[in-house]
Amino acid sequence: MNPEINRRKAAMVLHELEMSLGNYVIARESSLDNVSESLLEQVVKRELSRNRSINSESIRDIVEATYLDEIFQIALDVTRDTSSYVYLQKLKEQFVLHDVYEIRNVLSHPNRKFIDTYWYRIASIASDPILDVLGLDDVKKTLIAAENDQITEPPEEWYQQALWTVPNNIPDNFEHAITGLVGRRAEAEKLLDTLRNPRINTVAIVAPGGLGKTALALDLISQNMAFPETKDWCDLCIFVSMKTERLTSEGLMKLDAVETMEEVKEKISKEAQEVFSEKLTGFEEFKDKFNQEKVLLFIDNLETLLVESPQDFDEFNVSLPPAWRVLVTSRIAIPNASIVALEPLKEKSAIHMARAYFSRRGGVNGRGDVFKSVASNCFGNPLAIRLSVDLYLSGSEVPTSIEVANKEIASFSYNNLVENITENSVKILEALFVEDVSSRLGLCDLLNINRDELAVGISELANTSLIVRKIQDNDEVFMLSSSVRELLLTSPRNISVRNEIQEQINRRKILALEIDAKQMRNNIPSHHLDYIPSDTNENLKILLTELNAAASGKFSIKNDRAVLLYRKFKEASYLYHDNYLFHRGYARILFSLNALQDAVRHFNKAIELNEFDPGSKILLAMLYHKSSDFDKAERLYTGLMEDGWGEVKDGDTKTAYMVVHGYYLALLFGHKYEVVLEKTKNWKEVENFRGIVGAFRASAWKRKSENIVNTDFKTTISCLTSAIRILDDVFRNDGYIKGACVQAKNIFNELAYCLARKEYRNNDAFSQEGLEFINKHLHNTVEYARFNEDDFAYKLIERLSNIDVSNNPFRGKRLELERPAKLNGIDDDEIERNSLLRTSITRIPKGRNGGRNTFLFASDEKGVDYFIHYDQLSNGGWAEWRSLSKGDELAIKPNTNYSKGKSASVLEAYLVSGH
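Using the numbering used here, the first residue of the sequence shown is number 1, and each one after it goes up by one.
Keep in mind that the hints were calculated from the coordinates and are not lab data. Keep in mind that a hint or two might mislead.
Derived BS3-like pairs: lysine-lysine, alpha-carbon spacing no greater than 30 Å straight-line [said to hold, decoys possible]:
{"hint": "1", "residue 1": "LYS649", "residue 2": "LYS672"}
{"hint": "2", "residue 1": "LYS294", "residue 2": "LYS348"}
{"hint": "3", "residue 1": "LYS605", "residue 2": "LYS570"}
{"hint": "4", "residue 1": "LYS649", "residue 2": "LYS714"}
{"hint": "5", "residue 1": "LYS346", "residue 2": "LYS190"}
{"hint": "6", "residue 1": "LYS758", "residue 2": "LYS632"}
{"hint": "7", "residue 1": "LYS654", "residue 2": "LYS554"}
{"hint": "8", "residue 1": "LYS470", "residue 2": "LYS518"}
{"hint": "9", "residue 1": "LYS679", "residue 2": "LYS745"}
{"hint": "10", "residue 1": "LYS738", "residue 2": "LYS846"}
{"hint": "11", "residue 1": "LYS470", "residue 2": "LYS679"}
{"hint": "12", "residue 1": "LYS92", "residue 2": "LYS190"}
{"hint": "13", "residue 1": "LYS265", "residue 2": "LYS231"}
{"hint": "14", "residue 1": "LYS684", "residue 2": "LYS672"}
{"hint": "15", "residue 1": "LYS605", "residue 2": "LYS681"}
{"hint": "16", "residue 1": "LYS714", "residue 2": "LYS632"}
{"hint": "17", "residue 1": "LYS265", "residue 2": "LYS287"}
{"hint": "18", "residue 1": "LYS714", "residue 2": "LYS681"}
{"hint": "19", "residue 1": "LYS113", "residue 2": "LYS45"}
{"hint": "20", "residue 1": "LYS649", "residue 2": "LYS681"}
{"hint": "21", "residue 1": "LYS518", "residue 2": "LYS294"}
{"hint": "22", "residue 1": "LYS294", "residue 2": "LYS265"}
{"hint": "23", "residue 1": "LYS348", "residue 2": "LYS190"}
{"hint": "24", "residue 1": "LYS372", "residue 2": "LYS470"}
{"hint": "25", "residue 1": "LYS654", "residue 2": "LYS684"}
{"hint": "26", "residue 1": "LYS346", "residue 2": "LYS470"}
{"hint": "27", "residue 1": "LYS558", "residue 2": "LYS287"}
{"hint": "28", "residue 1": "LYS902", "residue 2": "LYS846"}
{"hint": "29", "residue 1": "LYS294", "residue 2": "LYS92"}
{"hint": "30", "residue 1": "LYS558", "residue 2": "LYS570"}
{"hint": "31", "residue 1": "LYS265", "residue 2": "LYS279"}
{"hint": "32", "residue 1": "LYS554", "residue 2": "LYS605"}
Pair ranges (Cβ atoms, derived) [claimed, not checked]:
{"hint": "33", "residue 1": "ILE844", "residue 2": "LYS893", "range": "17 to 25 Å"}
{"hint": "34", "residue 1": "GLY639", "residue 2": "SER835", "range": "55 to 63 Å"}
{"hint": "35", "residue 1": "ASP643", "residue 2": "ASN336", "range": "20 to 28 Å"}
{"hint": "36", "residue 1": "SER627", "residue 2": "GLU908", "range": "49 to 57 Å"}
{"hint": "37", "residue 1": "SER859", "residue 2": "LYS626", "range": "18 to 26 Å"}
Just so it is clear, CB atoms sit at the ideal spot from N, CA and C, and this is done for glycine as well.
Throw the hints in and build the complete structure from the sequences for me.
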């Protein structure tokens, strides 16, 4: 098969199809009454604009001036109420189905490749029985003649007619025509969809230099100018190029081009004159004359203007009539434009392009490995591929060709841009030069700019190929392209900024190292709430350290600090969306600001990212508890207990304490007193937190009595007696720990409430034991359990102190609302008078819960060791006991009955004055 012969045959038959349709209309209709008025107006207006005479009332003149699609429309109009209408509709559908409009366009462009398939599509239509029904017999005759190679060429003007379906000045020959547009089908479809959208007035094809922005636009617009449906979105297209240089294998070639917006306007008006063969005084007249038309202005290489006068383009764009559209190509993003971005060619397309270009340039015996090497090393850049093949064909080796091509492209792409970008963009370039790779948050920290300011700079740079965006460890990072690094190295834009950034980086690294060192010194285990892994991003590490400092070991953060931290975490949220520590910290801040639902969401995200971290679960359980959702809090604490987090690990008591304390507290607040009593049966055998577990058991007994205090006196007495005996044990053996003191306050008040009633006072044993418990421990719990005048215990002591009975322990006693001042110790005279022995404290063991123990060791001047319990301290309370330290003196009365080999016990112990 000979494609050229088939091209001529297709042209011959298609020409006859058009002529037969026109004759069909003329033969059937003598007037234009049934033809669409808008269509008639369009045809007449077009002919007059070309200075052609036309009789608007002559059916023959109108038909001769129409295009293929318009002929169909007229034929359908004049047959609307006849049986022929259906057959004409089916014939038109065949034209659309077989892409006849595209074939018509190809036939009118001698440089367009004609494939044999086009001929068979035309032949298929020409042989369709529909033509027989419509009486278009000449078409079939022409088909038979063509098949017998009796070819008659259509008139030359027929070939030219399709070029002007939509008036335009798109050039006939393109730089990419030698290979055609390769690998851009998806981008072409997106561009066409965007141009068809009437709501979009400004369209921008944005990509680095050499990726084929101009080629894509020219190819698509050129093809669509001959399609009848293009008139739905474009009545006229004017093309203006602002390209100042063109890259060839010989280097950069300077071009004559417009450079200002005023020159663009002048160029547009001149091109319009050429298109319509009509004189225009300038752009304003052109705008006024065509203000109702759908005009498409195609401005190529707009970045030439944008780097110097972006406001000029904005003003120009706003001044255009509403029906006008603007299509631009640019290496810089266009504000308020619909963007069609180009990426490098895929490997398969890049190899295909290298092979096709090599062949079209006369290359022979091309090797597949060479084409693959060119495609790979040119990173899918069409211009680089063409240049590399050019240089290869000139005798250069492939590696050298690629190196030279990429170097030329750098110069081509970056010329003028580096000298004209904004100040913030310059800072970003310098920051990337110093740091090599950086994230958005890192750049914000380094340059002290906010996220929005950075986004503007990144947008400007990303569309100029000055920087490269990558995903590294699931994080978006940026770096300089190699060519820009070389440019900045030899000609730094802002050396002072570079020096400042380097100092900032050094400070940040030192701070991150200090954070790691401090963790190691303090032996912070990996499950601790303050722990930050050493491999954490430096910026995030610093941010989390700031959060830990603001929290100071507490769940919530003061409001003013929380607000400041919220802003920082919100800025960083898109960077660390997959880091559990970030979400956990963010949740703490949100909780502090009472954004509880958001806090829950971030806690759950932290747990999802790291299900083995106890911290997120503990904090979420605390949030649920504070929100009175005790069941959810209990479930989380139960899971933590089952996973062993209620036990001390790596010497860290804090985490285990939070789990144990939270677990029993959630049970108490959930009114599950029997569960607490069951879980704490063996509390005296608990290795860690014996006192805390005992305190919760005591509280459970107390709370169990609350519902029966007015009805079941016997059971109430039993419950409260169990509670005070447990707490007495805790205070004696575990000390006045905070959790026990807080629970004790509630029991003091319950006892006071009961002892105010005769049903309980009449039980002498209960009354005596209750009063002794209050008298013995109330004073030492004041530090942790604050009392006020509304507490029953306060009122009871006030009343009891006024009762005139013998041995009244409360006579003259008043409950101090604040911690009492430290008592004075005994002096030398009292020590001698009472035959006491001076000792010096040698060791104070650590308490079960990390606090002060209830016993210590001391020795006298002879080296005898003594075991001293808090109960033996006769002239001080728990506050004074807690203040003792190694080396302090105590006066003692030894117990002479003790076993040798063990520390001696004492009967009494006294604080010594001055210690």
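For each hint given before, does the structure comply? Return the numbers of the non-compliant ones in rising order. Violated hints: 2, 4, 6, 8, 11, 15, 16, 19, 21, 27, 35, 37; rest satisfied.
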